[in-house]
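Chains as they are written, first to last, in our numbering: chain U, 1 to 355; chain C, 1 to 543.
Hints are computed from structural coordinates only; laboratory data are not their basis.
Where hints are given, some of them may not hold.
[Claimed, not checked] Derived DEER-like restraints, expressed as beta-carbon distance ranges:
#1 C/V76 to U/D235: 52 to 60 Å
#2 C/S41 to U/G86: 14 to 22 Å
#3 C/A95 to U/E149: 25 to 33 Å
#4 C/F90 to U/L156: 52 to 60 Å
#5 U/E149 to C/V76: 44 to 52 Å
#6 C/L276 to U/L156: 42 to 50 Å
[Claimed, not checked] Sample of chain U residues with no beta-carbon within 12 Å of chain C, all distances over it, derived:
#7 A60
#8 A70
#9 L83
#10 S231
#11 G234
Note that the structure is predicted; figures quoted are calculated from it, not measured.
C-beta atoms are modelled at their ideal positions from N, C-alpha and C, and glycine is treated no differently.
One letter stands for each residue in the lines below.
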Amino acid sequence: MEPSIRPFRLAVTAAIAFSLVATLAACSDSREDPPAAAHLVLVTHDSFALSDGVLDAFTAETGVTVEVQALGDAGSLVNKLVLTKGSPLGDVVFGIDNTFASRAVDVLEPYVSGALTDAEAPFLLPAGQGGDRLTPIDSGDVCVNVDHEWFAERGLAEPATLADLADPAYRDLLVVESAGTSSPGLSFLLATIAAFGDGGWQDYWADLVDNGVKVDAGWTDAYYASFSGPSSEGDRPLVVSYSSSPAAEVLDASAPVPTGVLEATCFRQTEFAGVIAGTAHPAEARLLVDFLLSPTVQSDIPGSMYVYPVVQSTVLPETWAAAAVRVEAPYELDPSEIDANRERWIEEWSAIAMP
Amino acid sequence: MSGAGRWAVWAGAGALVAFLAVFFLWPVGEILWRGIAPEGSIDLAGIGEVLARPRTLRIIGLTLAQAAIATLACLVLGMPAAFVLYRLRFRGRAALRALVLVPFVLPTVVVGVAFKVLFAGTALEGTWLAIILALVFFNVAVVTRTVGIAWEELDPSIEEAAADLGANPARTFLSVTLPRLAPAIASAAIIAFLFCSTAFGVVLVLGGTRFGTVETEIWMLTTQYLDLRAASALSLVQVVFVVAVLWAASRARSRPELRTPSSGRPVRLADLPLILAVLAVGVLLAVPIVSMVVRSLRAGDGWTLEHWAALAGVGTGVGGGAPAIAVSPLEALGHSLLFALAGTAVAMAIGLGASILLSRRPASARGRRVLAALEGGLMLPLGVSAVVLGFGYLVALDTPPLDLRASPVLVPIAQALVAAPLVIRTLLPVLRGVDPLLRDAAADLGASPARVLASIDLRLAARPAAAAAGLAFAVCLGEFGATAFLSRPEWATLPVVIERLAGHPGAGNLALANAAAVLLAAVTALALGAGELGRDRRLSPRG
Chain U
1 MEPSIRPFRL AVTAAIAFSL VATLAACSDS REDPPAAAHL VLVTHDSFAL
51 SDGVLDAFTA ETGVTVEVQA LGDAGSLVNK LVLTKGSPLG DVVFGIDNTF
101 ASRAVDVLEP YVSGALTDAE APFLLPAGQG GDRLTPIDSG DVCVNVDHEW
151 FAERGLAEPA TLADLADPAY RDLLVVESAG TSSPGLSFLL ATIAAFGDGG
201 WQDYWADLVD NGVKVDAGWT DAYYASFSGP SSEGDRPLVV SYSSSPAAEV
251 LDASAPVPTG VLEATCFRQT EFAGVIAGTA HPAEARLLVD FLLSPTVQSD
301 IPGSMYVYPV VQSTVLPETW AAAAVRVEAP YELDPSEIDA NRERWIEEWS
351 AIAMP
Chain C
1 MSGAGRWAVW AGAGALVAFL AVFFLWPVGE ILWRGIAPEG SIDLAGIGEV
51 LARPRTLRII GLTLAQAAIA TLACLVLGMP AAFVLYRLRF RGRAALRALV
101 LVPFVLPTVV VGVAFKVLFA GTALEGTWLA IILALVFFNV AVVTRTVGIA
151 WEELDPSIEE AAADLGANPA RTFLSVTLPR LAPAIASAAI IAFLFCSTAF
201 GVVLVLGGTR FGTVETEIWM LTTQYLDLRA ASALSLVQVV FVVAVLWAAS
251 RARSRPELRT PSSGRPVRLA DLPLILAVLA VGVLLAVPIV SMVVRSLRAG
301 DGWTLEHWAA LAGVGTGVGG GAPAIAVSPL EALGHSLLFA LAGTAVAMAI
351 GLGASILLSR RPASARGRRV LAALEGGLML PLGVSAVVLG FGYLVALDTP
401 PLDLRASPVL VPIAQALVAA PLVIRTLLPV LRGVDPLLRD AAADLGASPA
451 RVLASIDLRL AARPAAAAAG LAFAVCLGEF GATAFLSRPE WATLPVVIER
501 LAGHPGAGNL ALANAAAVLL AAVTALALGA GELGRDRRLS PRG
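If we strip away everything but chain C, and leave its shape as in the complex, we get:
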C-alpha cells in the first residue's frame, strides 16, 4: 500500500474508534466500572459471586437456549424465503421484499399483545414456544435479507454447470451454493442470535418474568434495584456472547469470487415446495399484523374508522383527563422518519467505512489485531443492553461540550450504533469476497488508492449497500430500547408513542395504538418498497 493510502486507512480507523469510544465504549465502560469497582478498586470476587448464583446461571442458560433455537428457526425458515425473494423473478417481488421487513419496526408490546390474544386458550399460551415464535416473527427478515442480498450476487452459471453435469438440485445446493453462501449465513446468524439474545419487550409480555433473559434481568437490576454490580456482571456476560459469536462466525470466511448479480430466473414447478415454505412464513408474519389491523378498526361490536381519524390527536385521558401522549401519532411519525434518516446516514457512514477497512488484510500482525478489535467493538452495541447504554450516556456525557443528556442528537446516534453492525455484516462478506488481485491490477495500472476504492470496492458494494441502507432504515425506525430511554415526550418517536398509548388507561387508546402501529408498518413498507423498485429497475436485464 502507498503511504497516502496507509495514512487514509489509519485516519479512517481512528475516526471510527473515536466515534465508538465516545458514544459506546466510554458510556458503557463508566457503568461497568461503577459495578466492577464500586470503591475504586476492582472487585472481581463480587462479580464472581453474582455469576455463581443459581438464578444467574439459569438465566444465562435460558437466554442462550432461547436465542440459539430462535436463530436456528430463523435460518430454516428464512433461507427458502431468501431464495424465493432474491433468486426467482416474479411480479410483486419488490413489494414482498419490503413487507418481510415490516416486523422489524413494530413495537414489541403491541405485537406481544396481538400474539398473546392469539395464543390465549391454546396449548401455546404462556409457553417458551410462544416466545420462540415471536422471536422468529421479529428476526426472520435478518436471514432473508442478509442471505438474499448475497445470493443475488452469486453467479448462477456455476449452479447451472453443476446441474448440467448431472447433480440433482439438493446436491447442487449442498455442495455448490451453500459453501458460497456460508459467510452471509454466518453474518445473518450472528445478527439474529444477538437480536434474539437481547430481546426484551416480547419476552416479558409473552413469558412474564418466568422466562427471564439476561436482558430482562439487566433491566430489572438497573431500573428497579440499582444493583450495578450484578448488572455489570451480566453485561460482561453479554460481551462474552458477542465475542464468542464473532469467533464462531469468523470461521466462515469469504473466498474471493467474481460477482455477477443476476435478476433471477422465472418460477418453475419444481420451486413449489419452497414457495409453500415461504407461504408458511408469510402466514406467521401476517397473522399478528392482520389482527392489529382488525383491532384498529373495531369499536365495541362494530367497525369504525374513528381510531384512524384520531391519529392526528393525542389519545384520551381517563374520564376526560390529560391525554396519554404529548404529540399525536402523526407528528411522532414525522419524528421517527427524521431520526431514522439521520440514523441511517450515520450507520451507512460507519458501516461502509468499517466494511472497507475490515476487508483489507494488513501485512503486519499488529494491523490485523487492530482490525479484529475494531470488528468486535463495532458488533458490541448489538449485544449490550440498551438500558446500560442509556444509563451510561447519563453518567458519561455530562460535561460540555459533550453534555448531550438533554439532546435529541443521541437518538439517531444510538439507533446508528444498532444499525451499523447490520450494514457491516451485509457488506463485509461482499467486500471480503473481492479478489485482491483486482485491486492490485488496478494499482499496477496506475490507479490511485482513491480510484481503486471508487471503481472496485464502492462499485461492487453499491447494490448491497443500497439494500443494507433499507435494512438500517427499518432498524432505526423500530429501535426501541435506547430510543425510549433517550426519548422526550415532545420529540417522541412513533414506537414510543404506541407503547405509551398501549400502557395508558383510557377509552380507545389500545385501538389507537394498533392504528398507529399499522400506520408505521404501512409507511415502512412503502418506503422500503420504493427503494426495492429502484434497485430492481437498475438490475433488470436488457434483453
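Same shape as in the complex, but just chain U:
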C-alpha cells in the first residue's frame, strides 16, 4: 500500500521537490559565505561545555573561528560520524570515549597532538585502536556512589569492593543503570568484566541479582528516583553514578560531604579529540586539537565538565579537594575488546539482569 522505496524513483521525485524547498534552504543556510579566515566546526556530545571566552582565545591566537555542534550522547556522536563518512558533519570531533574509540578509527585522519608528554602516555590508546588518531583530553570515572548518612544512621559499615555488593548484608541496597540504554550503566558492566574476566562476570551478576540489585533505564531515574541521597527521592543508598557526583550534593561547605564514592568499583572513561577525515582545513583542525590540550582549556575542564584534565601538570580548583575523588586504580578494558564484544556482553547481561 505504501509507495515502494526505490532509490532511483526517489531521486527523481526528490529532484522535482528541490524547487519546493529551495527557498527554505536559501533562507536558512548559515554557512553560505565562508569568512576570509578558516571556520571550523567542532562536533561533540551534549555534555560538552567550556566557559565563555575559552574558544575566543583560540580565535584570537590563530584567527580561526570555531562553531560548536552537539550531536547527542557519546554513542550517537560516533555513529553519526560513521554514517556521514562521505560528507562529514564537521572538522574536529571532541568526546569520543574509550568504549567507542575503535569504531571511530575509520572516520579520522591520522593525527595525535605533539603537546602530549610522557605523563599523559597512560591515557593514549593502543596502536591500531585509535592510538595514532585520537588525542586524550579528559578523563572521569563511573563509580558506585554511597549515601554516607544512610549507613551512619543504621550503624552499618559501608561496602568497599565489587564483591561486597553481592554480600547479603547489602541486600536490596544497590541501584544500577541498564547497560543497554545508559552510558554509566555500560561502564559499570565493563568494570565488572574487567574485574571478574569474560567468563566470571556472569556469575557475579547472577549473585547481584540474587542480592536484589535494581536496574533502572537511565541515570536520571536511577539517581533521582531510586537513590536515597539528599537531592533524591528513592530508598537505595548505593547507586552507579560519576566520581564527581558527590560534589553536587555539597550544599553546606562546612558540613561533612553527604555522599561518597566506592573507589574500588570504578571504570575509567577517557574522552578523546581527533581530526575528521575529509576536512577542508586539516592544518587548522590540528591546531584546534592542540588547543584542547593547552592550559587554557585544560584548566577550564574541571569546572566546566567536571572531569579531570589529562595534562597532569594542570592545577585543579581548590573546591575539588573536599568532594572530588581522584581514583587511583580504576578498572580498564581495551577499546577493541569493548567494541568487539559490546553487543554480546549487553545481550548476555540483559538475560541475567533483566530476565
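Got chain U sorted already, so can you dock chain C onto it with the hints?
Just chain C, lined up with the frame of chain U:
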C-alpha cells in the same frame, strides 16, 4: 470533474507527495536501504534472520500487546470524557478541553520520574501496568479530542427521536450514536495505537529495558550498536503496523451525513455516572502534574519559589561548573512556541490539503490507488521511529541546496510530519461525511471548483480544523524524539531543555526541570484554552 479541477487535484497531490518524499520517504528510505542492502544488493535473508530471532519476536509481541491494551484503555476512558466535554454545556468546559491536552506536551522523562516516585513501594512498581497507565496518561486526549470533535458535529435530533420512540439511553447510544461515531473512533484508535506503539521515554523510565518495545530496540540498534540491518528490519515491522492499522480502520468508512453542530445540552442527573468516569480520568491526569508542581516548589524540607525564579537562568553545574543548558527555560519556551507555530502551519497546510484530496472519490481505479498510497504515506511518520528519521536526515539531506543538516528548518518540518496525521484523521471523517450531492448540486448551479471547495468543504471543515490546529499545536510543542535529535543547544526547545536539566547532576536541576515542565503545561493550557473560548463563542446559540 472539470479539467481545471482535475489539474488542481493532481497539482495538490504532487506537492504533497514531493514534500513527503523529500522530508520523509527519501531520508528513511536511505537508512532502510543501507540496512537491507549493505553491499548494494538486497539481502532479504539477513532481514529474515533478524526477524526470526526469539528476542525480536518477543519485542514485537510485547509492543503490539502494550499498544493494543493501552489503546483500548484510552477508548474506554476517553469516550465518556469526549461526551462530557463536547456534548454537555457547562461553565469551565473550554478550560477542561484545553487541560486534557496538557499531557501531550509534557516531557516523558519528567512525567516518568513523577510516576515512578508515585508507584514506588506499591504493587505497581516496575510492572507492565504502570507503563499502560502512563501511556493512557499521554494518549487519552487523542480519543477525547478526535471523537469529541466529531460528536459535537452530530445532529442530536436523531438521538432525541430515538428516545422519543422509546429507546433507552444505552440502546440509543449503541444503535444510533456509536455507528455514526465509528469513523472518528477508528481515527482516534489509529493515532492512539501508533503513538503507544512508538512510545519511548516513558517505557524506558518505567519499565527499564525489561519491557523493551520495537521503538526502544531501534533506538539501541542505531545509536548504540550501529546495527542498521536489524534496525531496518524492525523499521519495516513498524511500516507493516501502520499499513495493518490503516487497513483495519478503513473498514469504518464515513457515510454521508448532514452536519448540524450543536453547543451541547445542559447537564442532567442521569449524566452522573459518566461524570464520575471522567473524574477518574481527571485524577489520573492530575496526579503526576500536581506532584510536578509540588516538586517545583520544594527545597530540602521547606517550600520555595527559587526554582521558579531560576527559570530565567541556565541551571547549575556541579560545584559551580558550567551550567546544564545553553539557553534558559524562558528562552527555550520562546523557541518552542516559534517552532510549534511554524510546525502547526505546515501541518495544517498538509493536513487540510490532504484531507480535501483524500475525501474525493476519483472515478478511475488508478486515481483511487494513488490516493490510498498517499493516505498510507502520510500516516507513516506516526509509526516510524524518530531516530530513524533523524539519522535519515543526516545521510540524505547533505548536498546543497538541501544541506539542511545544520538548519533549524528541519525542526518544524519534523514536528509537522508527526502532527499532520492527527489533522488528517480529525478532518477526513468530517469531509468524507459530506454528501457528494451537495458538491454536485453546487457545481450544477454553476459554482467553480474553487467556489465549491470554499463554500462547502472549507466551510464544513472550518470548526473541526480550528480544533485540529489546537491538537497539532500541542503535538508540535511536545514532540520530543525528532526535535531532540535535530536540536542544537542554542535553539533548544523547552522539552529538550527539561530533559537536559533532569539528566544533569547539580543542585536544584531536577526541581528546575519540574518548574519548567509546569510552565510548559500552563502556557499550553492557556494557549489552547483561549482557542477553545473563541471556538465556543462562535458556536453559542443565539436564543
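Hints, verified against the model:
no., hint, result
1, C/V76 to U/D235: 52 to 60 Å, "34 Å, violated"
2, C/S41 to U/G86: 14 to 22 Å, "20 Å, holds"
3, C/A95 to U/E149: 25 to 33 Å, "45 Å, violated"
4, C/F90 to U/L156: 52 to 60 Å, "58 Å, holds"
5, U/E149 to C/V76: 44 to 52 Å, "46 Å, holds"
6, C/L276 to U/L156: 42 to 50 Å, "49 Å, holds"
7, A60, "20 Å, holds"
8, A70, "5 Å, violated"
9, L83, "5 Å, violated"
10, S231, "6 Å, violated"
11, G234, "7 Å, violated"
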